[in-house]
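A.B. asks: Line order of the protein sequences matches chains W and V. Just so we're aligned, residue 61 is where the first sequence starts under our numbering, counting upward by one. Just so we're aligned, residue 84 is where the second sequence starts under our numbering, counting upward by one.
Derived from the structure by calculation, the hints contain no laboratory data. As the structure is a computational prediction, the values presented were derived from the model and not from experiment. Relax, there's no trap hidden among the hints.
Simulated restraints, written as ranges between beta carbons of each label pair:
#1 V/A86 to W/S270: 42 to 48 angstroms
#2 V/L415 to W/P112: 19 to 25 angstroms
#3 V/W88 to W/R261: 42 to 48 angstroms
#4 V/R96 to W/Q328: 56 to 62 angstroms
#5 V/L109 to W/G333: 53 to 59 angstroms
#6 W/R149 to V/A366: 54 to 60 angstroms
#7 W/S164 to V/H336: 35 to 41 angstroms
#8 W/H242 to V/R96: 35 to 41 angstroms
#9 W/Q328 to V/A86: 55 to 61 angstroms
If you only want the chain V side, here are some residues facing chain W, beta carbon under 8 angstroms, derived:
#10 R89
#11 Q90
#12 A97
#13 E105
#14 N259
#15 P269
On the chain V side, residues computed to face chain W include the following (Cβ under 7 angstroms):
#16 A86
#17 A93
#18 E101
#19 R104
#20 G260
#21 V261
#22 R264
#23 A267
#24 T268
#25 V270
Glycine included, C-beta positions come from ideal geometry on N, C-alpha and C.
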Amino acid sequence: MLEAKALGYAYGRVDALCGVDVTLHAGQCLGLLGRNGAGKTTLMEVLEGLLPCTRGEIRFHGAAVDARARERMGIMFQYTALPEQLYVRELLQMFARLYTRSASIEALVEQCELAPLLARRPSELSGGQRQRVLLALALVNDPDVVFLDEPTAGLDPRARRALWRIIQGCCEQGRAVLLSTHYMDEAEALCQRLLVLHEGRVMAQGETASVLAQHATQSVVSVQTRDLPEALQSIAHSEGDQHHIVTDDVSACVQQLLAHGVDLQALQVRRKGLEEVFLELTEALS
Amino acid sequence: MRAWWRQSAALVRARSTELVRERTTLWWNILFPALMIVAFVYAFSSDNTRFRVAVHSELDQLSGGVHAFLQTRFVQSRRVDDLDAALQKLRRHEWDMVVNIDQAEFWVNENSGNGYVLERLLEQSFGSSGVRLERRSLQGPRLRYVDWALPGVLAMNLMFSGLWGVGFVLVRYRKNGVLKRIAATPVSAFQFLLAQLLSRLWLMVAITVVVYTALHWVFEFAMRGSYLLLLALCVLGATTMIALGLVLAARTHSEEFGSGVVNVLSWPMLLLSEVWFSLAGAAAPLQWLSQLSPLAHLVRAARAIMLDGAGLMQLWGHFAYLGGVTALCLALSAWRFRWT
Numbered sequence: 061m062l063e064a065k066a067l068g069y070a071y072g073r074v075d076a077l078c079g080v081d082v083t084l085h086a087g088q089c090l091g092l093l094g095r096n097g098a099g100k101t102t103l104m105e106v107l108e109g110l111l112p113c114t115r116g117e118i119r120f121h122g123a124a125v126d127a128r129a130r131e132r133m134g135i136m137f138q139y140t141a142l143p144e145q146l147y148v149r150e151l152l153q154m155f156a157r158l159y160t161r162s163a164s165i166e167a168l169v170e171q172c173e174l175a176p177l178l179a180r181r182p183s184e185l186s187g188g189q190r191q192r193v194l195l196a197l198a199l200v201n202d203p204d205v206v207f208l209d210e211p212t213a214g215l216d217p218r219a220r221r222a223l224w225r226i227i228q229g230c231c232e233q234g235r236a237v238l239l240s241t242h243y244m245d246e247a248e249a250l251c252q253r254l255l256v257l258h259e260g261r262v263m264a265q266g267e268t269a270s271v272l273a274q275h276a277t278q279s280v281v282s283v284q285t286r287d288l289p290e291a292l293q294s295i296a297h298s299e300g301d302q303h304h305i306v307t308d309d310v311s312a313c314v315q316q317l318l319a320h321g322v323d324l325q326a327l328q329v330r331r332k333g334l335e336e337v338f339l340e341l342t343e344a345l346s
Numbered sequence: 084m085r086a087w088w089r090q091s092a093a094l095v096r097a098r099s100t101e102l103v104r105e106r107t108t109l110w111w112n113i114l115f116p117a118l119m120i121v122a123f124v125y126a127f128s129s130d131n132t133r134f135r136v137a138v139h140s141e142l143d144q145l146s147g148g149v150h151a152f153l154q155t156r157f158v159q160s161r162r163v164d165d166l167d168a169a170l171q172k173l174r175r176h177e178w179d180m181v182v183n184i185d186q187a188e189f190w191v192n193e194n195s196g197n198g199y200v201l202e203r204l205l206e207q208s209f210g211s212s213g214v215r216l217e218r219r220s221l222q223g224p225r226l227r228y229v230d231w232a233l234p235g236v237l238a239m240n241l242m243f244s245g246l247w248g249v250g251f252v253l254v255r256y257r258k259n260g261v262l263k264r265i266a267a268t269p270v271s272a273f274q275f276l277l278a279q280l281l282s283r284l285w286l287m288v289a290i291t292v293v294v295y296t297a298l299h300w301v302f303e304f305a306m307r308g309s310y311l312l313l314l315a316l317c318v319l320g321a322t323t324m325i326a327l328g329l330v331l332a333a334r335t336h337s338e339e340f341g342s343g344v345v346n347v348l349s350w351p352m353l354l355l356s357e358v359w360f361s362l363a364g365a366a367a368p369l370q371w372l373s374q375l376s377p378l379a380h381l382v383r384a385a386r387a388i389m390l391d392g393a394g395l396m397q398l399w400g401h402f403a404y405l406g407g408v409t410a411l412c413l414a415l416s417a418w419r420f421r422w423t
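If we strip away everything but chain V, and leave its shape as in the complex, we get:
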């Protein structure tokens, strides 16, 4: 057993040394997500002059006062079915006001300047008609697009590092004979795969922590949940992505084929996982497909921790899915793995 650990530690150390010495890759892994976030901050920093109102109502007709209010120039309204979801968005300043016609009430965020202006407009719209909506309020700091996008960008970086940094490297090692040389030692396939996983895992987690910390220091991202839970999610998510990479590389010989497979897997995952945009309005089959993507579970869980302060009890489904995919992929890769 001691020899087993010594062999595994030697492989982890050697691979880690290699990774750290691959300076270009290392810096790319750090700078790529950081530059994207910086670009988002500047691209989406301009004030939106529109006032966004969510309207929840079972009725087709709106009262005259509400109708007039929603017709006001620069007021953009949309009907919503899920009141709770709309209030959650109001908390994050994604809506400026939520009007609940059925309950004759309106909601504003006490921290929102736009909400304050809309409230004054609403009062004027009713004028002296005597009809009033009951005022309800909640609180929540303003959420920028970059706050929403950050979990996706970090998760995307984990995905690319796992698939390209582990899967593709193994294919290259198989092609140039490095794997065959390791196979000539007493090391088992499981040991080797475990070493690949561990050596990449610590680096991916370290890079994510460094990038998050540095950017948080500059941009003060929203963080309402537990840092420890976020770190645990990062470790689990990174492990899932590495395990996916190991499955892809279990038998692939050709770098061209390997890169094709990585692209085929990564791009649909990227598009279906709400990294850049919400799939709330997307067709049902797309939403169903999105549920299959491990990246989607990682992004949604990270967003829930960072933006909604969700705890483990609320996120157990995401954690269980990622854990299940990881276990399945590791078992598959150990079973299918070939040295040559």
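Looking at chain W on its own, in the form it has when it is part of the complex:
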């Protein structure tokens, strides 16, 4: 649906993006991961056509991206204020009129759970409610592709889950979603594919499962003890009495713990998650 090749963008002499390839498929969510300043927002704005790419090309439905392409794009920025004197219902109606095609407001209200908020002004909304309204505004033109820049930043778990449901619904409706996030659990839960950016370059890209399979071959053994054996201290990541040991051989690690008389009551063993993979990938390059 949307394909970008060898994208480049520079702020003055600083390269913010360098040779980035991105493909968005209908019905799939692509997770855009990267540290602060990695170029995630720049990449999104270049794909949205709000920033002109200095290198490479973008094709949306086979054509170059221009202002008309925004008819079929839904965009939710990291932070946006809204006209404070308009009610949520009026905001939805106004934004719907800015596009030639629009979604049913009623359906949108139901999908984003906005019914109790329609008669409120933006200043009367909580953080989670505000993000739901902004997401609804991004969907008001029934877009083919949706760009979501850290939509759940700063939300409580319940509000995050509410947004997750809407984002999953977008994919089920056949939309392509590009989701930028710092929450790895969110990326694992929502994204079929991942793209990890570091200093404007792609470090890893592919299906979520294959990225994990490629980089998360080890396991993490967690124990709670005051006396961790000296042999394990160098490979353990400790937080007080809690120790996390990354290992290829779980059996050998557990036997070593038993041999040193470590209490295994609070033992936890899990495969390395996306968060560890992300940290390893980005720290290795730093």
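Starting from the structure of chain W, add chain V where the hints point.
C.D. replies: Using the frame of chain W, we list chain V on its own:
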């Protein structure tokens, strides 16, 4: 094209709704000029006990009778070069008598009580010398300071509404990301600016009409020209001020810088545009600078319509200047405008 109009109408409607709901701003826009006018009415309502005489003469020496007349206690005289301008002021009761020595004549306003008294004094001053000045008269109702100040106050309100209400709001919208959100839609910069202009324009004109009508009903201001022409001038002047605001806000990011720029532009315009006082006696460079101010053209044209009954033919220069500034500012703002 239909979509273009639908988008523009949606923006105009949304912004208009916002403006109308900003009750404090709305009431301030109505009450500020009204309160100023009411204050002027009371501040300048006391009778002036001085009798003002304009003397037009190429000669250095005045005859004995005229000299004695001008020395009378409470008679305040001043030499004037422009006889026509002096007669225009006599018509508005800004002078009580005009003495034209070169033509051996004096002018009075038939509706002026002060003029009547001065005429009797002048006769007494000549006594039995036999020298007489020929009496000429004209008519015109008394003009209060508030009649003179009203066009300026209304124009000033238009200027502040245009610069602060449009320019400053756009800067705020740019800073808090509202503009960026609109930029993410198919709406063009020109459409957006046009919507800002139209939504503010109708409100500014409506407020001006309401304020003028209400105050006119109470104070019966002088109005010798065409209401339609005055309304057309109001629309053009408001458009000019909004266009100026759009240029100021085309790229400004900071509210602090934006307010500084608005102040730098508005206060010199205010001082150079004869809103409060005439620049007739001011230095030539100031008068030249005054010609550059769109507010000055707006005030002078409004005053000419309301006080002198001037028509479009006499005012085409002011209309053309305001139209030109508007077109230039709109083109500049559309060219320089940045969403972020």
